[in-house]
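K.L.:
Protein sequences appear in the order of chains A and B.
1 is the number of the first residue of the first sequence in my numbering; add one for each residue after it.
1 is the number of the first residue of the second sequence in my numbering; add one for each residue after it.
It should be emphasised that the hints constitute simulated quantities derived from the structure, not laboratory data.
We put the CB at the ideal spot given by N, CA and C, even for glycine.
Here are the computed distance ranges between Cβ atoms for each label pair:
no.: 1; chain 1: A; residue 1: Tyr137; chain 2: B; residue 2: Leu94; range: 34 to 44 Å
no.: 2; chain 1: B; residue 1: Asn60; chain 2: A; residue 2: Leu115; range: 39 to 49 Å
no.: 3; chain 1: A; residue 1: Thr141; chain 2: B; residue 2: Thr141; range: 22 to 32 Å
Number of protein chains: 2
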Amino acid sequence: MPTIDYDLLTRLETIIKGLKNKKIFIAIAESCTGGYVSNWITNISGASKVFERGVITYSNQSKIDLLKVSASDINDYGAVSQKIAEQMALNIRLYSNVDVGIGITGIAGPLGGTLEKPEGLVYLGFSTKKATCVQRYIFKTDRIRFKHQVLLKVLDFLESLI
Amino acid sequence: MPTIDYDLLTRLETIIKGLKNKKIFIAIAESCTGGYVSNWITNISGASKVFERGVITYSNQSKIDLLKVSASDINDYGAVSQKIAEQMALNIRLYSNVDVGIGITGIAGPLGGTLEKPEGLVYLGFSTKKATCVQRYIFKTDRIRFKHQVLLKVLDFLESLI
Numbered sequence: 001m002p003t004i005d006y007d008l009l010t011r012l013e014t015i016i017k018g019l020k021n022k023k024i025f026i027a028i029a030e031s032c033t034g035g036y037v038s039n040w041i042t043n044i045s046g047a048s049k050v051f052e053r054g055v056i057t058y059s060n061q062s063k064i065d066l067l068k069v070s071a072s073d074i075n076d077y078g079a080v081s082q083k084i085a086e087q088m089a090l091n092i093r094l095y096s097n098v099d100v101g102i103g104i105t106g107i108a109g110p111l112g113g114t115l116e117k118p119e120g121l122v123y124l125g126f127s128t129k130k131a132t133c134v135q136r137y138i139f140k141t142d143r144i145r146f147k148h149q150v151l152l153k154v155l156d157f158l159e160s161l162i
Numbered sequence: 001m002p003t004i005d006y007d008l009l010t011r012l013e014t015i016i017k018g019l020k021n022k023k024i025f026i027a028i029a030e031s032c033t034g035g036y037v038s039n040w041i042t043n044i045s046g047a048s049k050v051f052e053r054g055v056i057t058y059s060n061q062s063k064i065d066l067l068k069v070s071a072s073d074i075n076d077y078g079a080v081s082q083k084i085a086e087q088m089a090l091n092i093r094l095y096s097n098v099d100v101g102i103g104i105t106g107i108a109g110p111l112g113g114t115l116e117k118p119e120g121l122v123y124l125g126f127s128t129k130k131a132t133c134v135q136r137y138i139f140k141t142d143r144i145r146f147k148h149q150v151l152l153k154v155l156d157f158l159e160s161l162i
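Please construct the entire structure, taking both the sequences and the accompanying hints into account.
P.N.:
In structure tokens, the structure reads:
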């Protein structure tokens, strides 16, 4: 049985309530986090009033199919890049017809990194009607804690909206 | 920081390795589990050799947009029904061009149930090239443990393939 982090649940409850009160709908496109962020958000009863959909675009083809990410940009910049995070966030927002789109692409590790793009590198795209911006982090830890660090950055962003 | 269930990770490692050896690719369409199943699968290093994509079709519109689930069937049978689980599993398999599609639709609770469709009800669709079938369960528990019970049924199914 899973262990439940009640402090985090309480933080998420406040965020969902705040977004709901402001009638803000969100959609999330995850790659390296594999559903971890969407899963936490949907742990809250009433999340359906805020969370419209998520996609877990693990393969390059799924990023092209579901998010219309540019295949030539994947080729030129790599799937783990500022360009792709930006397109993931913008396009999940537009195609889901929501207020806020979040795009996450990175290298969870423990393999797959390079000198230029090490394990733990992640780009987080945040798109609203006002702007689309990308944050870059390196979280050097194991695969599950990496996902958790990304979640905390997403929650910081969502709290900034309410 | 998240608590890590190492026994479950070991079970998942064996499943991922088995599917990889058989060159079986999977895709998952989740509704009520909100990414929980995909998240566990992607906790394993090398999951990208098996897990092609996931979608978290929380709203009815997202089921129609991403999975081409029949809007009239949603209207006639409800989003939580055998019909919709079947379509979710079949269509995520076909549209993702993979060997195995999994579709999950249910009522995680604690609200949203009816006499006919109580909280905890879930339909699990499993689609392979041979057949598409649906299992029905009622897991009367809290929201997070409900997701976990569903995961265990999905793992039973995946183990049956290897």
